[in-house]
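Each protein sequence line maps, in turn, to chains A and B.
Read in order, the letters of the first sequence correspond to residues 1 to 720 in the numbering used here.
Read in order, the letters of the second sequence correspond to residues 1 to 720 in the numbering used here.
Derived from the structure by calculation, the hints contain no laboratory data.
Hints may be right or wrong, so weigh each one.
Identical copies look the same in the list; a pair holds intra-copy or inter-copy alike.
With a straight-line Cα cutoff of 25 angstroms, these simulated DSS-like cross-link-like pairs (lysine-lysine) come out [unchecked claim]:
no.	residue 1	residue 2
1	223	555
2	705	629
3	500	96
4	365	400
5	377	328
6	377	270
7	377	441
8	352	377
9	328	400
There are 2 protein chains.
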Amino acid sequence: IVRREVVRIITPGTALDNLSLTVPASNYLASITGNEAGLGLAVCETSTGDFWVSQFTGTDQLKTLKDELTRLKPAEVLVPAGAAFNPVHLFANQEKPLLTYYDPKAFAYHLAHKTLREHFPPDSLRTFAGSDYAPAVCAAGAILQYLTETQKAPPRQIKELKYVSLQNYMTLDATTFRNLEITRTIRFHDKKGSLLDIIDKTKTSLGSRLLQRWLERPLLDLKVLEERLSAVEALSQDWAKRQAIRSALAEVYDLERLLTRILYGRANPKELLSFRQSLSVLPQLKNILHSFAGSHLLNTLLKSFDTLEDVYALLEKALEENPPYNLKEGGVIKSGYNPTIDQLREVSTNGKEWIARLETEEKEKTGIKSLKVGFNKVFGYYFEVTKANLASVPGYFQRKQTLANGERYITEELKNLENQVLGAEERLLALEEECYHNLLKEIGNSAGRIQNTAEILAHIDALQSLAEVAVQNGYGRPLLLEKEKNHLEFEELRHPVVEKVLKDTLYIPNNLHMPEAVNLYIITGPNMGGKSTYCRSVALAVILGQIGSFVPAKKAVFSLRDRVFARVGASDDLSSGQSTFMVEMNEVANILSHATRHSLVILDEVGRGTSTYDGLSMAWAVSEHLVQKVAAKTLFATHYHELTQLANMEPSVHNLSVAVRERGEEIIFLHQIMPGAADKSYGIQVGRLAGLPDSVIQRAKQILKLLEHDNFNRQILEQE
Amino acid sequence: IVRREVVRIITPGTALDNLSLTVPASNYLASITGNEAGLGLAVCETSTGDFWVSQFTGTDQLKTLKDELTRLKPAEVLVPAGAAFNPVHLFANQEKPLLTYYDPKAFAYHLAHKTLREHFPPDSLRTFAGSDYAPAVCAAGAILQYLTETQKAPPRQIKELKYVSLQNYMTLDATTFRNLEITRTIRFHDKKGSLLDIIDKTKTSLGSRLLQRWLERPLLDLKVLEERLSAVEALSQDWAKRQAIRSALAEVYDLERLLTRILYGRANPKELLSFRQSLSVLPQLKNILHSFAGSHLLNTLLKSFDTLEDVYALLEKALEENPPYNLKEGGVIKSGYNPTIDQLREVSTNGKEWIARLETEEKEKTGIKSLKVGFNKVFGYYFEVTKANLASVPGYFQRKQTLANGERYITEELKNLENQVLGAEERLLALEEECYHNLLKEIGNSAGRIQNTAEILAHIDALQSLAEVAVQNGYGRPLLLEKEKNHLEFEELRHPVVEKVLKDTLYIPNNLHMPEAVNLYIITGPNMGGKSTYCRSVALAVILGQIGSFVPAKKAVFSLRDRVFARVGASDDLSSGQSTFMVEMNEVANILSHATRHSLVILDEVGRGTSTYDGLSMAWAVSEHLVQKVAAKTLFATHYHELTQLANMEPSVHNLSVAVRERGEEIIFLHQIMPGAADKSYGIQVGRLAGLPDSVIQRAKQILKLLEHDNFNRQILEQE
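Okay, chain A solo, but in the shape it has when bound (with noise of 0.2 angstroms):
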């Protein structure tokens, strides 16, 4: 019996093991703590060793937690057991981690600092000198003591812990993020059909991570976006060097989690092949860059690349060509690298030689033509003789098994080469074994070098990806303005996923005109035309530039924006006790304490989840408060035709619809945005559409003429 001890234990935001090398999402651990001066969030990613501290400050510091939880979906969230916020609050519905309450004094900053101190350089910890930073680092300190917990070793994977301050970044929160299904969508809460989904042309899991960061956090900075356009556009006009690079990144495994399992020497024989395998096309890779060094962006990468060619040749010196995946299989170090492993494999194959020789012999001996050497698990070697011969079998023969067709022996001689045979292959295995993790352990002395490759390529990763999606689906270079020039235009613009889905139907790309003058388009037409659409390929597009993408137009000139809102469709959370207005209001109250004259915002039907009258005077007042008071650029799509006369009496209000063609009973959506109000709205043809009785449409309209003339009440009792 073997006696065991708890190695490690594994949860699901120190799940190691269990994370795939080829399924490139993150996997966070989180962890949150707080005192009077803001909340700190600790975020670490324990499979590549990325690590970060962010902290929130003022009256918002909750919600602008919240948002940013539901951006990152962290898979589980240590918090102080007992501690004064309820974290359970900090979730929406559907993002809901494991939240693993840990001892307190692990979030207590003496300690946390101490733990911190333990484990980095001392110079890399001075942005967190002072007790600014205290909430920070104790939730910091608190996952390092975690990860050391629970895996029983220090995390050594971790190299550094970095600050990200949410005040470089464009405000989405936490509805926004889902609404317009950014990395995940809303019905699947999966990547597939998200704009994710569209623009990950990466090769490299590091580079796909990398680029779900882009897009979880888009840019203010006009400078560093004009970089990113800039390497994304020399990239994009190379198609040969674009797919050298493309080629030579398909080489590439997840370097980072492979490390990981390296450094807690859990990797086995064929990922440490993959490994090798992505250090090899290294140097051809940089070579390639070399071309786009007039890139500022990519000179800067190629300048830092560190190739890692000694332990590359380390690695070709040291492991098989092709081992299996199981080191308890052996021949998993190669020939020449250790002279007592060649030896014993010499014992071992010459053994079964001595046998085949012994074979040979005792057939000469014995005169039994048909002896023969066998081999199993239960009694090892034996000589096998068929019933017609056991009169010739010598007296050295002791017989071991009775067959139907004869018996089986063993002889001294015999059991002596077998032991000598199964003695070196047990001592050969537990030899390559030692020597394996001895290797190992030599890599890991790189890691930092290692990491700092592996970000190198995420970069390099996610630049091509964005620049192949701009060749292959058409994307144009925005021109993006300062913030303050408020100045919004588009010219053929189309949704990246709806374009992509819509395989058989031509898209219908579509313009905005949005000068400093403009601040709100009151939208109208009928449903299926489009308008929801129109709206989020706005948002869309501008996320997407301020990744430092290219974006589906044929021009587009925007001025950065702070924050983007999108108030979309809407569903009932019966189990919170909400309803769906009450959803749609709080979202709306949001908007309005939130959006700067700055912030991009799209409303798709607000107003709809109460009685016709009380939802079109919700509408009007909040369209005017964020005309009159907030001068945000706002999009509005509704149903309300009423509305369309607040450009009467607005100057920065205009009217869009959608263009529709009749043609008799039937009615063809344009997909098209047009100046000015609609006139129809088209429900009763919809209901024809979808296959309601002749009857029940007859009747409809009957009624509709009844209420377009105002005497619904008194002639609807009066017909009947």
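Given chain A's structure and the hints, the job is docking chain B onto it.
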């Protein structure tokens, strides 16, 4: 190097190994095919051996099949490659399984029939004689062949092929099944928060799966339902015996899945122990059941309850009390079961003693007191001598390793002993393995009996679960009437899920009185008032009653319903190009064409997705059609106050509304349903609660006043 062959292929529908033995959820493999006569569907739970077929004919065959697939949510679906129908259209967007395009030959009648004949005893196939069942036979044959091909062995866990006729069950279409969140929620596609989650107090995976199947297909047969209700009632009345049953069931593991693993030779020793433990409680469970022989259904179960005592006795004799998880660790077979195993165990134990004795002998011979025997994987057993004693080492010691403090040696005698010990252990393991596999085979011979017992356990468990829920949650036994009576009546009815979620708040129960003369209730009143919850609670109570469960009401008397429809909320489906309103109208058209006077229809906010007048006209016309042409029992929750006038024109239409109390600016939702139409809708008050700025609220009130006096168009412009 070990040679490898493909031993089996794992697909989502055939993943026996990866299926949890603790998570009960079903994992279905389905197969679809069709000819001119209709469509055939075969469904198999490969991990339990459950296997059945259905057929679909008539003009609605594709829709009915789609509804069935939504309920079952198979993990994998086989379709003949190049089939006439496009299988992709068969799945609602969120329910897409893996589609496996399989060799059309496997679906051909001749071959499929042959496959079935070879697998099942001829008698059991009598139902399927003749060409009427060709589609079902073809679908079933294809599954069997696919399983044999992927598992590289015939699926011996499949003992029976059942025929399920959907005519015998209440129809719940895909939309209704999803909207009512019967087995999973809309948001998370997850059991948690669903009706199933609330009523599942089963103790075994067997019972949990059966309960889910009941919910997927409520019954139409009054006699069968009364038998189930009586069994539930009997179980609910004896607390002590019910707890005894529950404790016994708590010891029962997933017998069906364990059996399948046993049949495939893939059950590990710990699993076999679970299997034995499950059997150990059967006699006592059967004993308790005798007290319930008064219930016809429980008595039937009791009579055919095979407690499998012979199988238990075999396992008791052969399997260790606490075997390891991994067979290769040994210590799996009990001593006394196999003489050779006992003998080898002795050699292995004695061998270690011999080595200890040799240590003592050599100490005396050499005079080295600190001499000791050690073992490592590389060198095996050795003698270790400290530096100080090196001079006393005799000549027959062979040096093997030099340490800082001494040397390690072997002797011939030590090596001989080592070979005996290590050899015996290796042979022991091999023999235990053989013995273990024979044991699995022997248990497999009783597979049919074990499956029968598993089915009986499932029924007992599902029934006790319903009884436990009834007692814990205060449900009452419904009085079921024939469908022709068309009478629905509930007193103090609650929503089974919402009442559980509202922990801090008091749940307000409501009544429904819908005799034959009343067909439509129009329900108006403010949002958050509880209209939706009320409508859903009626639908859920009917469904619960029709699976034989008690219902969350003080009094429940209702006629069986042939179908339940729920059009509730709606979400955009941008990616399929359908707007909210189109989805809504499609669902309504489906209801109008399929509802009968014996159906229950729930409409929540029909007409919202278009302009005000269009939507109202449609809602009106649809209501009239339902009342005049269909005469189904209908509950229609709406924000169109204008609809309440319908009650003045149609005698079978009545109004209901939700009660609200106003206290100054405050409003209190009483969640009480009252007769009569609502007079106000409180949308603006909700806006205030949600935190909209006061200026917006005041302005909205102003606009509302204008609207209510019908002079909006004129005054709104004058006013500015």
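With identical chains treated as interchangeable, where does the CA-CA distance between residue 377 and residue 270 reach 25 angstroms or less: within a copy, between copies, both, or neither?
between (28 angstroms within a copy, 24 angstroms between copies)
Between the shortest in-copy and the shortest cross-copy C-alpha distance, which are at most 25 angstroms for residue 328 and residue 400: within, between, both, or neither?
Result: close only across copies, 24 angstroms inter versus 30 angstroms intra.
For residue 377 vs residue 328, is the C-alpha pair at or below 25 angstroms within one copy, between two copies, both, or neither?
both (18 angstroms within a copy, 13 angstroms between copies)
Is it within a copy, between copies, both, or neither that the alpha carbon of residue 223 lies no farther than 25 angstroms from that of residue 555?
So residue 223 and residue 555 pass the 25 angstroms test inside one copy only (20 angstroms; across, 71 angstroms).
Within, between, both or neither: residue 377, residue 441 at alpha-carbon 25 angstroms:
between (36 angstroms within a copy, 21 angstroms between copies)
What label fits residue 500 with residue 96 when the C-alpha limit is 25 angstroms: within, between, both, or neither?
Between copies, since 19 angstroms is at most 25 angstroms while 31 angstroms is not.
One pair to classify: residue 705 and residue 629, alpha carbons no more than 25 angstroms apart. Within, between, both, or neither?
between (39 angstroms within a copy, 23 angstroms between copies)
At most 25 angstroms between CA atoms: does that hold for residue 365 and residue 400 within a copy, between copies, both, or neither?
within (20 angstroms within a copy, 37 angstroms between copies)
Give the relationship of residue 352 and residue 377 under a CA distance limit of 25 angstroms: within one copy only, between copies only, both, or neither.
both (16 angstroms within a copy, 21 angstroms between copies)
Of the hints listed earlier, there is not a single one the structure fails to meet.
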